[in-house]
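**Q** Those protein sequence lines, which keep their order, are chains A and B. First residue of the first sequence? That's 1 in the working numbering, and the numbers climb one at a time after it. First residue of the second sequence? That's 1 in the working numbering, and the numbers climb one at a time after it.
These are calculated hints, taken from the structure and not from any lab test. Keep in mind that the hints are not guaranteed to be accurate.
Stated by the list, open to error - Chain A residues, not near chain B, derived (Cβ > 10 Å throughout):
id, residue
1, Asp17
2, Ser21
3, Gly128
4, Gly171
5, Gly187
As the list claims (entries may be wrong) - Looking from chain B toward chain A, a few residues come up when the C-beta cut is under 8 Å (computed):
id, residue
6, Arg23
7, Thr24
8, Arg34
9, Arg47
10, Thr79
11, Ala118
12, Ala199
13, Pro201
14, His202
15, Ser204
Stated by the list, open to error - Using C-beta positions, here's what the derived DEER-type ranges look like:
id, chain 1, residue 1, chain 2, residue 2, range
16, B, Arg109, A, Ile253, 19 to 27 Å
17, B, Pro154, A, Thr170, 29 to 37 Å
18, A, Pro201, B, Ala66, 34 to 42 Å
Small disclaimer: the values here were computed from a predicted structure and weren't measured. Cβ coordinates follow ideal geometry from the N, Cα and C atoms, glycine included.
Protein chains: 2
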Amino acid sequence: MSKLSPSPTAAVLIIGDEILSGRTRDSNMNTLARFLAPLGVDLMEARVVGDRQDQIVAALNALRAAHDYVFTTGGIGPTHDDITADAVGAAFGVPVSEHPEALAILERRYAPGEFNAARRRMARVPEGGVLIANPVSGAPGFQVDNVFVMAGVPKIMEAMLDDVAPRLKTGSPVHSRSLRVTGVGEGAVADILRAAAEARPHLSFGSYPFGFSGDHKPSEIGTQLVIRGRNQPEVDAAEHDLSADLRSAGIEIAPT
Amino acid sequence: MSKLSPSPTAAVLIIGDEILSGRTRDSNMNTLARFLAPLGVDLMEARVVGDRQDQIVAALNALRAAHDYVFTTGGIGPTHDDITADAVGAAFGVPVSEHPEALAILERRYAPGEFNAARRRMARVPEGGVLIANPVSGAPGFQVDNVFVMAGVPKIMEAMLDDVAPRLKTGSPVHSRSLRVTGVGEGAVADILRAAAEARPHLSFGSYPFGFSGDHKPSEIGTQLVIRGRNQPEVDAAEHDLSADLRSAGIEIAPT
Chain A
1 MSKLSPSPTA AVLIIGDEIL SGRTRDSNMN TLARFLAPLG VDLMEARVVG DRQDQIVAAL
61 NALRAAHDYV FTTGGIGPTH DDITADAVGA AFGVPVSEHP EALAILERRY APGEFNAARR
121 RMARVPEGGV LIANPVSGAP GFQVDNVFVM AGVPKIMEAM LDDVAPRLKT GSPVHSRSLR
181 VTGVGEGAVA DILRAAAEAR PHLSFGSYPF GFSGDHKPSE IGTQLVIRGR NQPEVDAAEH
241 DLSADLRSAG IEIAPT
Chain B
1 MSKLSPSPTA AVLIIGDEIL SGRTRDSNMN TLARFLAPLG VDLMEARVVG DRQDQIVAAL
61 NALRAAHDYV FTTGGIGPTH DDITADAVGA AFGVPVSEHP EALAILERRY APGEFNAARR
121 RMARVPEGGV LIANPVSGAP GFQVDNVFVM AGVPKIMEAM LDDVAPRLKT GSPVHSRSLR
181 VTGVGEGAVA DILRAAAEAR PHLSFGSYPF GFSGDHKPSE IGTQLVIRGR NQPEVDAAEH
241 DLSADLRSAG IEIAPT
């Protein structure tokens, strides 16, 4: 996104040993990327850290200083390995205590005998935190300043975004157009693509090859060319010109 | 992994605008996590950055100083947006030039008319770089000091690991055992799990709830408890004791 105009920027912080051990495949980063793109909020970087307070604090402080928004996922459940609320409190230098509204939500959700000390932990929020509604399982996330703290379970994280979206200032969304070139590798289109990129410095041009399966036929190899920018007519014009340049060079463009 | 003994540590750096835009779902981080775990190399953190030299250099320099190994994926193809070799050169403060062996590999791979300037770019390696074989599509990766620079295409990245594995010093692998608890949420097992974790401070205990689909039956909710450690008998003993504690509390353990 180096060549796109300024817009609010964001970072994602995925928290959890299970991602780093390989046990769980993260999907939250992609969900957040797809959530932010149409809002015109530029996702600039993402990090994955383990269930360690020092790591979470260091990453959070670096990211919240560098970006307009930080979205964290993971570590807000009832078990001893859920340390995100404390880590966020430590990062901001504020105490963490039971949030009355969060407590009320949880009390309503559980039968009296079920609402034990472990589940009460999910009401703990750093000072100044504003709750993020969890319509799936009750236990809320929370926002502290520019940091949105959400669940790690993908279904819950995704549901929380409904409550997050209205709180974000938005930017001009990035438009993209793709061209699917087949029958040649990306090396065959590189010069044409570079010239197109140099001609339109406000746009971003990417090339993503495909067809590396074991015994592919030459017809099945190719590359996806992606043009991105904030000005839709300019992106459309770039696609039109690039298509023409590729066809002039005898390169086949497949329907997408 | 906070509670596991020292071992070589590693970080992953995923490079590419397409991951941050949400267009592409990264799978390389998980592949690397699963590759490193049995070698006893602890993956401590991962980062995703865009195709921007300043971002790549900053992340790479932070990660290579903090860990025994860094594995990067993406940005080593023939197009103008492939800037990883230059960024790695800049991070190490060394020039980048055509590597004779890489050039020979590429010359053999392409017909004379096909081996154009763009494809020659894939022979560019920072000074001191040692090639990493690419049995899928020829164009090699490279190792500079403790940094392994690999392709972004998952099939190629995975194939490169065969050449990377023998270069790593290994540690004692982490063993893990899982217990699948059903019919109750993780809040119901939190106290038992915490006591188990406190009794065995050298092990790591995680809890990962499931069953948050739209209209689940209570019997389909539950949590996966994961015990991890370097001492297999200790992990086995912990699983045995935790199972007994859960059963004593009337909690059902499903076959895994």
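**Q** Hint by hint, note whether the structure agrees.
**A** So, going through the hints one by one against the coordinates:
no.: 1; hint: Asp17; in the structure: violated, 6 Å
no.: 2; hint: Ser21; in the structure: violated, 6 Å
no.: 3; hint: Gly128; in the structure: holds, 26 Å
no.: 4; hint: Gly171; in the structure: holds, 14 Å
no.: 5; hint: Gly187; in the structure: violated, 4 Å
no.: 6; hint: Arg23; in the structure: holds, 7 Å
no.: 7; hint: Thr24; in the structure: holds, 7 Å
no.: 8; hint: Arg34; in the structure: holds, 4 Å
no.: 9; hint: Arg47; in the structure: holds, 5 Å
no.: 10; hint: Thr79; in the structure: holds, 4 Å
no.: 11; hint: Ala118; in the structure: holds, 3 Å
no.: 12; hint: Ala199; in the structure: violated, 12 Å
no.: 13; hint: Pro201; in the structure: violated, 12 Å
no.: 14; hint: His202; in the structure: violated, 15 Å
no.: 15; hint: Ser204; in the structure: holds, 7 Å
no.: 16; hint: B:Arg109 with A:Ile253: 19 to 27 Å; in the structure: holds, 25 Å
no.: 17; hint: B:Pro154 with A:Thr170: 29 to 37 Å; in the structure: holds, 33 Å
no.: 18; hint: A:Pro201 with B:Ala66: 34 to 42 Å; in the structure: holds, 35 Å
In terms of the numbered hints stated before, the structure departs from hints 1, 2, 5, 12, 13 and 14, listed from lowest to highest.
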